[in-house]
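Take these sequences, add in the hints, and give me the full structure.
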Amino acid sequence: ADKVPTRVGITVGTLGNPFFVPLVAGAKDTVAKAAPEADVTVIGADYDLNKQATQIDNFIASGVELIMINSVDANAIAPAIEKAKAAGITVGAFDVSAKGADVTVMTNNVQAGEIACKYLADQLKGKGDVVIINGPPISSIIDRVTGCKNAFAGYPDINILSDNQDGKASRDGGFAVMQGLLTRFPHIDAVFGANDPTALGADLAAKQLNRQEMIIAGVDGAPDVVAALKSGETRIVASSSQDPYAMAARATEMALAAFRGEAQPSEPVLLDTKLVTADNVGSYIGWDAER
Amino acid sequence: MLPVLILLCIGFELLSGRFATFTNLSIVMQQAAINTTLAAGMTFVILTGGIDLSVGSIVAASAMVSVMGSLIPGWGYIGIPAGLAVGLACGLVNGLLVAVVKLPPFIATLGSLTAVRGFARLIGNDTTVFNTAMPFAFLGNGSLFGVPWLVIIAFAGIVVSWLILRRTVLGTFIYAIGGNEDAARLAGIRVTAVLTFVYAISGLFAGLGGVMSAARLYAANGLQVGQSYELDAIAAVILGGTSFVGGIGSIWGTLVGALIIAVLSNGLILIGVSDIWQYIVKGLVIIAAVALDRYHRSRG
Amino acid sequence: MLPVLILLCIGFELLSGRFATFTNLSIVMQQAAINTTLAAGMTFVILTGGIDLSVGSIVAASAMVSVMGSLIPGWGYIGIPAGLAVGLACGLVNGLLVAVVKLPPFIATLGSLTAVRGFARLIGNDTTVFNTAMPFAFLGNGSLFGVPWLVIIAFAGIVVSWLILRRTVLGTFIYAIGGNEDAARLAGIRVTAVLTFVYAISGLFAGLGGVMSAARLYAANGLQVGQSYELDAIAAVILGGTSFVGGIGSIWGTLVGALIIAVLSNGLILIGVSDIWQYIVKGLVIIAAVALDRYHRSRG
Amino acid sequence: MRHISKTFGSMAALKDVSLSVERGEVHALMGENGAGKSTLMKILSGAYRADAGGSILIDGREVDIDGPQAGRHCGIAVIYQELSLAPNLTVAQNIFLGREHRRGGFTDRKAQEAACRDVLARLRLAFPPSTVVSRLSLGERQLVEIARALASDARILVMDEPTTSLSLLETERLYEIIADLKAHGIGIIYISHRMEEIYALSDRVSVLRDGRYVGTLGRDEIVAERLVAMMVGRDLSSFYKKDHRPAADRRTLLSVRDIADDVRVHGCSFDLKAGEVLCLAGLVGSGRTELARLVYGADPRTRGSIALDGRALDIRRARDAIAAGIVYLTEDRRRLGLFLEMSINDNVSINVAAGDAHGAGFTNAVKARERADRAMKTLEIRATGISAKTGALSGGNQQKVLLGRLLETEPRVLILDEPTRGVDVGAKSEIYRLIDDLATRGIGVLMISSELPEVVGVADRVLVMRDGRIVGEIAAAPDQPITQEAIMAYATGVAAVDADA
Ligand SMILES: Nc1ncnc2c1ncn2[C@@H]1O[C@H](COP(=O)(O)OP(=O)(O)OP(=O)(O)O)[C@@H](O)[C@H]1O
Ligand SMILES: Nc1ncnc2c1ncn2[C@@H]1O[C@H](COP(=O)(O)OP(=O)(O)OP(=O)(O)O)[C@@H](O)[C@H]1O
Ligand SMILES: [Mg+2]
Ligand SMILES: [Mg+2]
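Chains as they are written, first to last, in the numbering used here: chain A, 1 to 291; chain B, 1 to 300; chain C, 1 to 300; chain D, 1 to 501.
Hints are computed from structural coordinates only; laboratory data are not their basis. Cβ coordinates follow ideal geometry from the N, Cα and C atoms, glycine included. A hint or two may mislead.
To be verified - To list a few chain D residues with every Cβ distance to chain C over 12 Å, as calculated: (1) R49; (2) A183; (3) I350; (4) D436.
What the hints assert, rightly or not - Ranges between beta-carbon positions, derived for each pair: (5) B:V100 - A:I285: 25 to 31 Å; (6) D:G359 - B:L15: 53 to 59 Å; (7) B:L15 - A:G154: 32 to 38 Å; (8) C:V101 - D:G359: 51 to 57 Å.
Below you can see the structure in the form of structure tokens.
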């Protein structure tokens, strides 16, 4: 039989976010398929660098052979990964890169921002006032905003009103920030939320203030956005979908291969995103699908 | 602190020109609503010289249960009592830990902060539960004669708290325990029962906050809802002049404190201060506000 | 609480069979190191009846400055004093706000929690700063005769604190102020100076925590370092038996408290408890531990 | 009460004590500090639980008092020695705490304040029911405690040193009320260290010593010598001591001119000579404490100057006063004096710890121990040792610890605010002896006291205050001793004209 790890550690930025449920499931299922006997530990780092570094120390001490990491910060985690590798552990990164990992698979977040905002711009026929509701400065969010700005840059008549407010990547945060922006700007044509909860929060705020003029886009393709798109009672028109399950599965497969000693690409593998809109939402396979 | 609040409002109006519109003021009050509700309960606790760190987690648990209850076909309104019940239950446990087991309030409620957060995540299995057809959505987004329901609820909470604290015997007991617990005991007051009540009501108000959050967002998430709300609630109480020493303070102060926090958050967005600078300015304004208040009072 | 700590260790060893190895114990102590350092400073503050909420943010600011300092070619070691200086400066400001301006400690340090966090994000412009050739990396990852430097630093912090608190006049004054501030003033103690010192030392220890974090991670990020560390630090102090009322407690208790928190986090992972259940179990164990301690003492 | 015992930890505070009170009787309870009087009363009221074995009978029926509520139910009301008011509440709220006038669950504030006004009127107190207690002086608080006990309609009233902060006027008012209560058949247990009160009031006196019941004397058997002998087991010869030379020819040590805070003190001037015992007398709330605090720098003054040895002092805070050699003994030792969680050792040496310290601020433990040992010995402090927690000492011993602290600073001027408050006869005479010693050594003593016999007994000169002003001065002369009547005349305003003239 192939060489498989007996102990596997998985650490992710946080566990308390719906995105991470399919993400973790993808990694766990893949390990279970290849190595049914393996002992898998999953932990969340609550977006704390020290905590994640400690968790890797713990993994090393408890003798894991494979670590799958969704890093809190791509660069800052490098020394910990170096230590793990020095201990002979294979490290796979998913969703966020981690400097020094053997393999990396992540969503093309720049692209995710690009296609969502391009769609918004096209819907506005290349002209209008837009806002970007930013999020915490983690690489995925930064990339999406970069992508979005790239897209808008192609339209000289698109005017970005605001891009420096933190919607905390949550409904609550998106809601509060959007309320403020709605008061500040009497007319907004489009909103890009750094993730789906942000977009949903913005939508609720606009709905409550009866502001009909805008369209909204997010990133994730999360079940609640899917439900909203299907219901039609929303200003959300699009979301760049990610497939966390497949992403994690792919990363884990590659990491298992690296563990067996097979050569793997050192460059990050970027997974394309697809735009989910009201038109194609019927055929979209969401996060909550049975696998 | 009322002058500070008024000063802030005037300042933001001058800087943005859009602060003092009816819509925006109603938004500010809506944003303050949940925190006001939590802070009302927290006032009871702090008046006895205690603290309740668990309110943020209780909001999350209650919101989860409330949304899940709202999904029951035909019985969606059950989400409201269900959410309140969760809050009350958690509060009662806190109260028993503090009053009967005699744990330090900080530790007892720090324990519940952690455990209840875990419970909130557990029941939704770490996903977001949502209900696009929330039956009691009007509570979160509707209004009555132009006044948002959220604001009405929060204000009602304040009024009820005021009645209890200032017009009932129980209120006197709460102040007495905060002022001199031994004296209260010697006067034959059931200190254990009063302390339990105080944490229970804080839990109940937090449960109400959870229901408000559910009605407002149509959704809940065990980890993301209510994170560090306890700090904001405590800050509102202390900004409002209630002292950690116990026995000193008023519920109206708490209302003003909660409004100051909401006005700050809203106003800084309105005048377009970037996120990072919002942190810095907010911190400095809180310090300056209390310092000003001190100075003002020491002269008055 | 020592018996509780020992009980926990035995329990985890029995359940996992991997707890009591040299490597794991050394990991636990490394994990406890930063929190122990913060908690040592926090002990001073809480002994005077105050609180310092800003330590987590100070860790972030100090870590940022420390990493940025370490990048200066040829002068990388300057990162250490630079980080410490940031901590000391923040602590001094806290101290002046509490002792001279006479703000309630909760509000003063809540203000700095927010403002200093903003500052930490600002200086790095919300990016991660890192230094792959960290000159003082050994402090974070090296060891001396098999004992990790982090552990040595934390322990030294405890010993120094013990000396100050129990062997110097200043220590007696700190206890006296915590026990009865009015009486201390009437006894001619420089209350203002002592209070300022107490927050300054808490800031300094937090600055040290930031340097430790920088040395350990070779990197820092204004947002992702030190979030809610204040809660863990305060929990360690209170678990260790120091009372919020002031004037009662010991630094050794704080050490035990910090170790209990670290052992819990480590042990629960070792025995494979899932993340959600870790929250729940951790909360319950904290409550049970203090309850047990109470019971034990009331019988002893 | 029969066969009551109580142990704290390993220490027995009460050993098999029995006590009975009749209807309409004033039963005095006496004993040295720490004899167990307060503890016994706390058991009666339900604040403490006695060890198993004893029993309490009311009207011949055995009752189980398992908490303050039960005690109250049995008709027992207590004025506790350590004041037990909630400082943040109003007078009315405190008086009716736990027995509020209600309508439904709501407080009937009007009825309550009306009832409160009645009680206050009985005591002839001037402040309104809505006054917040923290704004009252210590003596006024004590009166509120008495008012609370009166309002409780109890059948058994325990008064644990109710007059320690009261002056003659209020005390006499209390006598009248007690007589009235007696006439209504209420049983009163009265604890006091003041002999004259015992003579004036009691029908019987029981004595405790070291937690044991010593005996009971009937009304006609009450003789000072016998009582003292029962309490201390020995004889105290001269009670007040005034051996130091009269101060007339001495130089002026402390000179205070026109000092005021313009709230409670309005321009007071006086001189204190070296080796003089100057007493400050006055009614409760007349501003004596405030005046002392101004001199000590504990509160900011709005005008006035202070000079020591003719040199002007710039006293802005307590530290400045201590540095100049002026120290102050507070009347409220628990709230403003002692560090109750700390040891006797720390409490005694804290004022001088900084000076004693080794280099780098390390505590000089040896010296601290010497100081504590000396205080224990010279002041005869009763405790298990110098590391005993101050909070666990009886009131009188706490007072001595505080005195010990002040003496360790080797002061030039000693301001004593009610120094014998709650102190037993033995200790009292020791304190008088001490004051006399200090005066002999040339230290100036400014003593505030509400106990007129004490003032008359120890003072070389008396200043009388009323409403924040010094309204009279009485100096002792060989031919004309200070009299209580003269002091009262000034204090109540009868003789004010003389002072103004
Ligand atoms: N809570 C307590 N814990 C430990 N010891 C106590 C406690 N309360 C009282 N004691 C001890 O019990 C003894 C009796 O104290 P108590 O207060 O009854 O004396 P007392 O006769 O009222 O004296 P005083 O005249 O000074 O008020 C003292 O030795 C005191 O130290
Ligand atoms: N904190 C305060 N705020 C307002 N008024 C106060 C305060 N403390 C005391 N007073 C008032 O000042 C007056 C003088 O009080 P002070 O304590 O100096 O009197 P005293 O002569 O020492 O009386 P006592 O014998 O009761 O101690 C009193 O009428 C009292 O009510
Ligand atoms: Mg007594
Ligand atoms: Mg006085």
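Hints versus structure:
Look at R49 of chain D: its CB is around 14 Å from the nearest CB on chain C, clear of 12 Å, so calling it non-interface holds up. Chain C leaves A183 of chain D outside its interface by the beta-carbon criterion, the shortest separation being 43 Å against a cut-off of 12 Å. Taking the minimum C-beta to C-beta distance to chain C, about 6 Å, the non-interface status of I350 of chain D is violated against the 12 Å cut. For D436 of chain D, the requirement that its beta carbon stay farther than 12 Å from each beta carbon of chain C is met, with the minimum near 26 Å.
One distance hint, 25 to 31 Å for the beta-carbon pair V100 of chain B and I285 of chain A, is violated here, with the actual separation near 53 Å. Distance hint for G359 of chain D and L15 of chain B: a CB-CB separation of about 56 Å, consistent with the stated range 53 to 59 Å. As the Cβ distance of L15 of chain B to G154 of chain A is approximately 34 Å, the hint placing it in 32 to 38 Å holds. For the pair V101 of chain C and G359 of chain D, the beta carbons lie near 33 Å from each other, so the given range of 51 to 57 Å is not met.
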